[in-house]
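Q: Protein chains in written order, with full-length UniProt numbering: chain A, 1 to 112; chain B, 1 to 112; chain C, 1 to 112.
Take these hints with a grain of salt, some might be off.
Unchecked claim - Simulated crosslink set (DSSO-like; lysine-lysine; CA at most 27 Å straight-line):
#  : chain 1 : residue 1 : chain 2 : residue 2
1  : A       : Lys9      : B       : Lys34
2  : C       : Lys85     : C       : Lys9
3  : B       : Lys9      : B       : Lys34
4  : C       : Lys85     : A       : Lys85
5  : B       : Lys2      : B       : Lys34
6  : C       : Lys9      : B       : Lys2
7  : B       : Lys34     : B       : Lys85
8  : A       : Lys34     : C       : Lys34
9  : A       : Lys34     : C       : Lys2
10 : B       : Lys34     : A       : Lys2
11 : C       : Lys2      : C       : Lys34
What the hints contain is simulated information worked out from the structure, not anything from laboratory work. Keep in mind it's a predicted model, so treat the numbers as computed, not measured.
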Amino acid sequence: MKLITAIIKPFKLDDVRDALHNIDIHGMTVTEVKGYGRQKGHTEMYRGAEYVVDFLPKLKLEIAISGDLVEAAVEAIIQSAQTGKIGDGKIFVTNIEQTVRIRTGESGVEAL
Amino acid sequence: MKLITAIIKPFKLDDVRDALHNIDIHGMTVTEVKGYGRQKGHTEMYRGAEYVVDFLPKLKLEIAISGDLVEAAVEAIIQSAQTGKIGDGKIFVTNIEQTVRIRTGESGVEAL
Amino acid sequence: MKLITAIIKPFKLDDVRDALHNIDIHGMTVTEVKGYGRQKGHTEMYRGAEYVVDFLPKLKLEIAISGDLVEAAVEAIIQSAQTGKIGDGKIFVTNIEQTVRIRTGESGVEAL
Ligand SMILES: Nc1ncnc2c1ncn2[C@@H]1O[C@H](COP(=O)(O)OP(=O)(O)OP(=O)(O)O)[C@@H](O)[C@H]1O
Ligand SMILES: Nc1ncnc2c1ncn2[C@@H]1O[C@H](COP(=O)(O)OP(=O)(O)OP(=O)(O)O)[C@@H](O)[C@H]1O
Ligand SMILES: Nc1ncnc2c1ncn2[C@@H]1O[C@H](COP(=O)(O)OP(=O)(O)OP(=O)(O)O)[C@@H](O)[C@H]1O
Ligand SMILES: [Mg+2]
Ligand SMILES: [Mg+2]
Ligand SMILES: [Mg+2]
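Okay, chain A solo, but in the shape it has when bound (with noise of 0.2 Å):
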């Protein structure tokens, strides 16, 4: 099982959850987060006081999957989730040693 960790634009959230509908992918974990990218931080004057300013909201979603369906999912993220424009956001790709479906108690990729 792969765990798939996306940072996108918020917009973008329903296109990327129907661009996973439309490949047969149901689940998703989403998390309210702000980062910066390698545009780098700076700082502005704001009422006499210097504030950092390049913190922006993004949303993280994380995708649980067994290791045949990465590809078509990294496929359909990038594609749904592009602007075009700086801060489009990262796609991360980590490996789950164990997944349960707490309800049932069903392990492996029975409990995707």
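Using the hints provided, position chains B and C with the ligands relative to the given structure of chain A.
A: For chains B and C with the ligands alone, coordinates are given in the frame of chain A:
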């Protein structure tokens, strides 16, 4: 070291925490998330607009422990988080390569 | 690629961020979390009901970097996040198998 990530129903937090305390596991990070599972999405009309209604609030628990405690911890979470109704949640186990306690700089299992 | 996850005291965010900038690490995702560590839980009576009082607000920082920067990044986080008082937090290092920059489709270290 392993990381147990459990997505649970919010009202189950105290029960899960108590179950882990009972087996001497102390230490947890909790995030408010929303998500959906394999009952998939459906939309609903509300005042003339279409809403996705299936993102439900959940809590994500993250618990770093030594590998030999994983089985007992997973069992404790299943027992304490289960209601038997859909949406009880998921458990994912992943590998942690390095751990540090920031206050002391201790690393490895000493840091847990 | 590796993912550094650091749970820190919220007021330390700017210090950690500056310390990472100083070693040319730019890019971070921040989540508001709450948690407790090995001082364990204790409960308190308040207006006749029992409350768990030890979930404290923390920030979770996630930083994806190439493996050869991990040691320096961990050191920078320890130095900048440490107060010497309990609750300074934890650092976890995990493996990332694949990384993508959504705007360009670049993958691997190019995507960081
Ligand atoms: N190295 C990183 N580690 C963890 N999170 C990151 C990293 N880089 C970016 N992010 C997260 O992804 C979000 C979007 O990043 P962003 O798309 O700006 O990356 P980028 O590499 O700067 O690409 P672009 O040049 O297209 O802007 C950030 O707000 C942050 O939450
Ligand atoms: N594949 C997945 N990837 C990431 N998170 C998931 C996934 N499936 C479920 N979740 C998270 O777990 C929460 C609960 O899921 P849920 O218990 O409904 O899973 P399920 O497989 O549909 O099981 P059940 O049939 O018992 O409802 C979701 O709201 C979501 O946050
Ligand atoms: N085992 C753990 N798993 C996951 N998160 C943890 C764990 N232990 C601590 N944390 C997170 O780190 C935060 C800070 O923990 P803390 O620094 O108190 O750890 P500690 O081991 O008790 O160290 P100290 O003795 O310095 O207080 C917690 O609020 C929680 O969010
Ligand atoms: Mg950027
Ligand atoms: Mg479900
Ligand atoms: Mg502590």
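Q: Failing hints, ascending?
A: Violated hint: only 4; rest satisfied.
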